[in-house]
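Novice: Residue-level listing of the chains:
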Amino acid sequence: MATTAFDGQFGRERFRDPDAPAGGHETTQPIEIGILPAPSPKALKKVQGDNDVPSTERRQEAIQDVDPLIRLTPGSPERRFHVLQQWECVVDGIEGDSFTADLLDLTDPSKPREIVEIPLIEISEADLALLLPGAVFYWILGYEITRGGQKRRVSEIRARRNPKWSQRAIDAVTKRGEELYNRLKGNGEDNST
Amino acid sequence: MAKTTPPRAVELELSLFGPGIGECLVVHLGSGYWMVVDSCLDQSGDKPVALAYLEQLGVDVSRQIKLVVVTHWHDDHIRGISQVLQRASSARFACSAAIQSKEFLALVCAHDEIKLVEHTSGFSELAEVLAILQARTPGPFRSGPDFWAIEGQCLYSGAPTDDVEVHALSPSSQTVTDSKGGLGTRLPLSGEPIRRFAGVAPHDLSVALLVKTTDMHLLLGADLENGRDDRRGWRAVVGSAVRPKVMSSGYKVAHHGSQNADLEELWTTLVAKNSRAVLTPYARGRKPRPADDDVRRIKAKTPHLYCTVWPATERPPGRNTDRTMNQMTRFRRAVSKRPGHIRLRVPFRGSLDDISIELFDGARRL
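Residue numbers (my numbering), protein chains in the order written: chain G, 1 to 193; chain D, 1 to 366.
Bear in mind the hints are in silico, worked out from the structure with no lab data behind them.
None of the values given here were measured: they were computed from a predicted structure.
Treat each hint with caution, since some may be false.
Computed Cβ-Cβ distance ranges for the label pairs, DEER-style [unchecked claim]: (1) D:D322 / G:D97: 49 to 57 Å; (2) G:P119 / D:G362: 26 to 34 Å; (3) D:G318 / G:E95: 28 to 36 Å.
Beta carbons: idealized from backbone N, C-alpha and C, even for Gly.
I would like the entire structure built from these sequences, with the hints used as guidance.
Specialist: What follows is the structure, given as structure tokens:
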């Protein structure tokens, strides 16, 4: 059975691989979570475009381009993290004790997207309030390796902290919508232009 | 018949494309002219399927696409539509009259902000479309969509010899009225995190279409739902006094076969008995559509039911993190990326027996 532990300060969960060697231990060393912006269109183009480069080569290059979303804190050089898999999750719906999400593979964008249902208990309490349709989460799976060579599988699901709407921005958007409406409407009132 | 063989001048064609999530219709309107309804991308994720297919047929898309319609602004119906419109430089453009509001356009204008957090916003597509339309008509005059489609409106009329018309069957006038206030409530509030607008435009705003020829007709159901009363949704279409009173031999099933878009009267007043029904799946959510009971329900109406991809999801590709992922999820499904293709062809002056159905790229009969 998988076990998870929550760290109140960082609001994160730890996953212990049931298949890890017996005697594996929990660590209290913090792992800094760095949330990166969504892949740029240029990065995506690198995977999808440029016909001069063989596709496998492009894919490999793109995989290497994806930075790990979990990084060690500078203060803990004795610990390393090896990323196996990174997903961008867009929340589709929340119902009962779980939510469904679209998973986009950031490790290999050529792979098909996945639809998953994840129990809410897998989300840290600090992130639960951010769990709304359209919200973006990241899911990172990998190995945490200590200086002593202890290796443990770790799974982290973290919400991306987006900027918030200001009243000024909403007013500006509303004004632009009105201007666009008037421009599209022109000087006529009939239904077709 | 080879996939690249174009239809004859007096032959109606409906090509329906769809991967696990996405929908696009390409319709031959006679004499080499075409209509594109909604858009999704090919397997590479680069090119709209409509352009890829029409180019295979040898169609000059800049001249021969006459009408581009967006039924509604949901992500699964609009990917690549701006590319289609850009290339279809002589096409007229139609979208739902129900989104002709300051509130909806304000949401469109918010796409710059949303782009900061979501790189696949459907509003970016709409903003692109509006920019293309404005660039086509420089100057102070109106430059929006050619048609804000509403029930009873004729969007296309072919040459008299072709006898082809395209009519909008929805949204109803009441739905347009409803939307004026309703969309305003979707605007973000101060302090709310910037995120993708989920499900902004209800399905009742969808543009359902009728393609009418001499004898054979097509009903293209978009994602239109039944509606809560006789003034909205399919209920309004069935009771409409302004729609052409014809029975269609081909039906693009509404809203991926959902029960909430399947009115009993639709099959008795709009669709001919033993018609050919075609649909695309929708792989999102707990229960992909069509579900098995949807298939059974539709097949009780017509035995001729086809789906572009079935099932819409597949087993996820193997990864070395599978065991962990399986333990943390209740289900995992990979969405089929490859758009299947159903092609229906029939002469304008034909009968149900003259309809040919061809299935490509994984499409199948259910």
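Novice: Now look at each hint and say whether the structure bears it out.
Specialist: For each hint, the structure was consulted:
1. D:D322 / G:D97: 49 to 57 Å: At 23 Å between Cβs, range violated.
2. G:P119 / D:G362: 26 to 34 Å: holds, 33 Å
3. D:G318 / G:E95: 28 to 36 Å: holds, 29 Å
Hint compliance for this structure: hint 1 is the single one not met.
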